[in-house]
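**Q** Residue numbers (the numbering used here), protein chains in the order written: chain A, 1 to 591; chain B, 1001 to 1130; chain C, 2001 to 2248.
Please keep in mind that the hints were generated in silico from the structure rather than gathered at the bench.
Glycine included, each C-beta is placed from N, C-alpha and C at the ideal position.
Any given hint could turn out to be false.
To be verified - Straight-line Cα separation of at most 20 Å, EDC-like style, residue types lysine to aspartate or glutamate; simulated pairs:
| id | chain 1 | residue 1 | chain 2 | residue 2 |
| --- | --- | --- | --- | --- |
| 1 | C | LYS2131 | A | ASP128 |
| 2 | A | LYS348 | C | ASP2038 |
| 3 | A | LYS508 | A | GLU460 |
| 4 | A | LYS334 | C | ASP2038 |
Unchecked claim - Cβ pair distances, simulated, as ranges:
| id | chain 1 | residue 1 | chain 2 | residue 2 | range |
| --- | --- | --- | --- | --- | --- |
| 5 | C | ASP2048 | B | LEU1116 | 58 to 64 Å |
| 6 | C | THR2184 | A | PRO552 | 52 to 58 Å |
| 7 | C | ARG2020 | A | GLY451 | 54 to 60 Å |
| 8 | C | GLY2127 | A | LYS495 | 55 to 61 Å |
| 9 | A | LYS495 | C | ASP2048 | 40 to 46 Å |
| 10 | A | GLU337 | B | VAL1118 | 38 to 44 Å |
| 11 | C | THR2022 | A | GLY451 | 27 to 33 Å |
| 12 | B | PRO1103 | C | PHE2023 | 48 to 54 Å |
What the hints assert, rightly or not - Cβ-to-Cβ under 10 Å is the rule here; a few derived chain A residues that face chain B:
| id | residue |
| --- | --- |
| 13 | ARG198 |
| 14 | ALA241 |
| 15 | GLY242 |
| 16 | ILE355 |
| 17 | PHE500 |
| 18 | ASP509 |
| 19 | ARG510 |
As a plain string of letters, each chain reads:
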Amino acid sequence: MSSRLLRYVPKAYSSTGFPASVERTSFDIVVVGGGAAGLRAAIAAAESDPELTIALVSKVYPMRSHTVSAEGGTAAVLRDYDSFELHALDTIKGSDFLADQDAVEFFVARCPEEIIRLEHWGCPWSRDEDGRVSQRAFGGMSVKRTVYAADKVGFHILHTLFQTSMKYDRIHRFDEYFVTSLIVDGGACTGVIAMNLRGGTMVAIQGKATILATGGCGRVYEFTTNGFIKTGDGMALAYRAGVPLKDMEMVQFHPTCLPGTGILITEAARGEGGYLVNKDGERYMQRYLPGKMELGPRDILSRAMIQEMKAGRAFEGPYGLYLGLDLRHLGAKKINERIPMVRELTEKYMGLDPIHELIPVRPGQHYIMGGVSTNGKGETTLPGLYAVGETACVSINGANRLGSNSLSECLVFGAACGLAAAGFAKKKASYPRGAAAREALKKEEARVFDGLLGRERAKETVAGLRVEMQQLMERDVGIFREDSALADACGMLGKMRDRFAAVGLADKDRVFNTELTAVLELDFMLDVALTIAHSARNRRESRGAHSRTDFPQRDDANYLKHTLAFRTDGPPRIDYMPVTITKWQPVERKY
Amino acid sequence: MAGREYAWKRRPGWWLRNRRYLAFQLREAGGVVCALYGLVLLNMLIQLRAGESAYTAFLNLLRTPPVLYLNVVLFALVVWHALTWFMLIGKAQPIQFTRKPLPWKVVFGINVLLWLGVSGAVAYLIFGGI
Amino acid sequence: MAESDVLFRVKRYRPESGGRPTFQEYTIPYRSDMVVLDGLNYIKDHIDPTLTFRWSCRMGICGSCGADVNGQPRLTCGTYVRDVHKGAVTVEPLSNFPILKDLVVDFDDFLRKLASVTPYIVRKDWGDLRKEYVQYPEDVEAYRQQSLCINCMLCYAACPVFGSSPEFVGPAASALALRYNRDTRDEGAAGRLARLNTKTGIWECTFVGECSVVCPKDVDPAAAIQTLKFLATMRHMRRLLMPGASSR
């Protein structure tokens, strides 16, 4: 690296629309999404072979990825009081036995080395007095196995990975490139078509292997912890290419979100000893889960909150009903050391100090266990296409994810997927055919620039239709579901899918058109929302986070299987596939 | 079809936008003033060497009211410059005896006290035992 | 304008039309707990969909939403309208950066600078993946503050030196360099100091201190740069006076 800084260059795009620093159009691996999973996959591939070229394509700069907002921690077996058996059992039981047990066994065995590897890369894990990495208690975990970095674990993991990725020149970054479709040639995925936001052009980025790591789809709901960018892009891209989405009905609602904004208050607040109380000051969890109380799994806690609200024992505020998270007994020292961001967020967004006052909380959408159906190496049914992270469903989380397993999942499967994609790419002798990419590019330019951008603003607006969809999902496909509401949701979403054809744009620019990206995102979200609603309607049982008031029991005889949603010209076609059971036979999920 | 980026242009008078920018400009101006005053003192040495009359003439010039008023202003700027330097010390080189370094305000206070002490001693020497 | 309305003055710039940035005014409904970002989203969703700005997490951790609000660089998601409501709320793109469109600025230059300070652990011997490096809580505390940077670039917008000398490496990149230098697991301090000990490195800084004032995460980049000046000087002196001594 020369010691003289590059003179600032305002125009950084070549005539091809690629970043000026990137000279190739074909790569060994194209990673879509620059969060923990995408970065980990890119680094794993880069480390495996110095000859590999990797494109990291993201619609935002990688440090803006939603990984950054994760707070609580990341789980791994690091100490003698713990074991892989126990971590696997906790995860499988937490999943209400819908998790694929071979994948879980693979997962728990690799968490420790990922934590240590990140530590070696500089991640500032919080430490015990003896200098070793600290671990704390978390929901659904039988022992303290959640490694943490104060309560900014996602921020520190993301920045550590992003900065470490700068070591490798062979990771070529495409920042603020919005992927609009996959290139499928000869029955395989050979790259992506993306819109260069800053240049205002579309480009074809070819790859022998493509990894989707675009995160979840929380923004299909009205009240979510998720950032604006979580619109299920990768899920929709795979879905449109014929890959099924698995277990989409399994949506996680996190019990402690701030009313109004939906900002997340980490589970670690309960892990460090916080209580949940109703308006009578009662620790109401003793009526629902006396064994684990506030450290039960998230689905049980969220349902308990709704039931407290229905029973009239909740507080009332300007944003509706809420319960109280009590941290007052923890003391200032513990709060400031272990969960400082909880205090910062509560002070800033609620004007309250948790050292002295209750934090108002209510359940909100947070994560989706479902996603692009993959095997244990991130491979999808489309050769050359991989998926990893919240975008994918392996499945290790089944019907309910335990807190602090998802960051570990991004690391373990990010690495596994990166290596698998690298192996696949190395075996392919030649790069993809340019002709297929050029054709796909022409088609997308016509669809997006002529088709979408050209539409005049008429009755439907992107914001109006989006809010309608979000409110519908919130109302009908929320924590408690039943058939008539789900049928209504399926019907309305189908109509919204049609109404989308009438959405017009006021912003006709090609450069950085965020109205256009909002339209493209709404297009993705409608597809994804349809799979959620249909999958939920077809699962006539209650399991994990999927709670049917009309079918309140778990039904292993008929539903010990994964839901698959396939795209058709009409509503999604629902099918099923078996769950892999190795050691742990399904039993009643009691805590 | 790329668009043109608009190169940012700095507004003149940017330093009047807030208190801190203004304080910074004064501090920097103080540095210039210190340098210029050094030249004045250098000139005093030159006049001293040039002979009794030249030196006396220069001292009389220094005693005229406009120059005295100017000195008051310059002294204020020099003091401001020195104080801002002291504020910097605690941040630039943390002094650490315990788990956390000394807060910069403490280091600032110590330096101000030392400065007053040294200034007092010098004044005593010059004005001979007040 | 009703009692319960607020006036937003937003700087607009259309790259495909060129010309100069101009203000556009919008009157929107006011809520006592709204932040500036809420106002921008209301304008985009209900009044003018062409208004373009970056945002994502809305909780002050992703660093996307920096803008000059009433002349001060702030995160729009963390700035309450009630705190800046002086007749009107003026929102402009961050100072010192080229404007791409409306409130969106080009900061690729910053990412190059970030990459140039070797922002990762440098070590000869990586040891065993079965054991973490021992690092005591006070060691973590030594670099914790500088590790909190969310790359929001408010510090670059606030720095008048960066405004006049765009080659200046800048506050955030320098703070990150210090973060790695102070990490007990790292062995790359010498390389980073050599890299920063240049005219366009830390020596461009004249300690205005505005960067630390505007930083939403209390990283204190001003202190980081002055510390780096001291460390760089000490290293330079050691090498001058004791050539051939340790390579640190």
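**Q** Each hint needs a verdict: does it hold in this structure or not?
**A** The hints, checked one at a time:
The hinted pair formed by C:LYS2131 and A:ASP128 meets the criterion: a straight-line CA distance of about 14 Å does not exceed 20 Å. Between A:LYS348 and C:ASP2038 the CA atoms are separated by roughly 15 Å; this keeps the pair inside 20 Å, and the hint holds. Only pairs whose Cα atoms come within 20 Å are accepted, and A:LYS508 paired with A:GLU460 is accepted, the gap being roughly 16 Å. At most 20 Å may separate the alpha-carbon atoms for a hinted pair to count; A:LYS334 and C:ASP2038 exceed this at roughly 33 Å.
Between C:ASP2048 and B:LEU1116 the beta carbon distance is about 60 Å. The supplied range of 58 to 64 Å therefore holds. A C-beta distance of roughly 55 Å is found between C:THR2184 and A:PRO552, which places it inside the suggested range of 52 to 58 Å. Remark: the range hint 54 to 60 Å for C:ARG2020 to A:GLY451 is contradicted by a beta-carbon distance near 33 Å. Separated by about 60 Å at the C-beta atoms, C:GLY2127 and A:LYS495 satisfy the suggested range of 55 to 61 Å.
A beta carbon spacing of about 28 Å between A:LYS495 and C:ASP2048 contradicts the range 40 to 46 Å that was offered as a hint. Between A:GLU337 and B:VAL1118 the CB atoms are about 42 Å apart, so this pair conforms to the stated range of 38 to 44 Å. Checked against the hint of 27 to 33 Å, the pair C:THR2022 and A:GLY451 passes, with Cβ atoms roughly 31 Å apart. Separated by about 43 Å at the C-beta atoms, B:PRO1103 and C:PHE2023 break the suggested range of 48 to 54 Å.
Because the smallest distance between the Cβ of A:ARG198 and any Cβ of chain B comes to about 8 Å, under 10 Å, the interface hint for this residue holds. Nearest Cβ of chain B to the Cβ of A:ALA241: about 29 Å, over the 10 Å cut. The hint is violated. A cut of 10 Å between beta carbons decides the hint on A:GLY242: the least distance to chain B is about 33 Å, and the hint is violated. Taken as an interface hint, A:ILE355 does not check out: its beta carbon lies about 21 Å from the nearest beta carbon of chain B, beyond 10 Å.
Among the interface hints, the one on A:PHE500 is violated; its C-beta lies about 26 Å from the nearest C-beta in chain B, farther than the 10 Å criterion. Taking 10 Å as the C-beta contact cut-off toward chain B, the hint placing A:ASP509 at the interface holds, the least distance being around 7 Å. The criterion of a C-beta within 10 Å of any C-beta in chain B is met by A:ARG510, whose closest approach is roughly 6 Å, and the hint holds.
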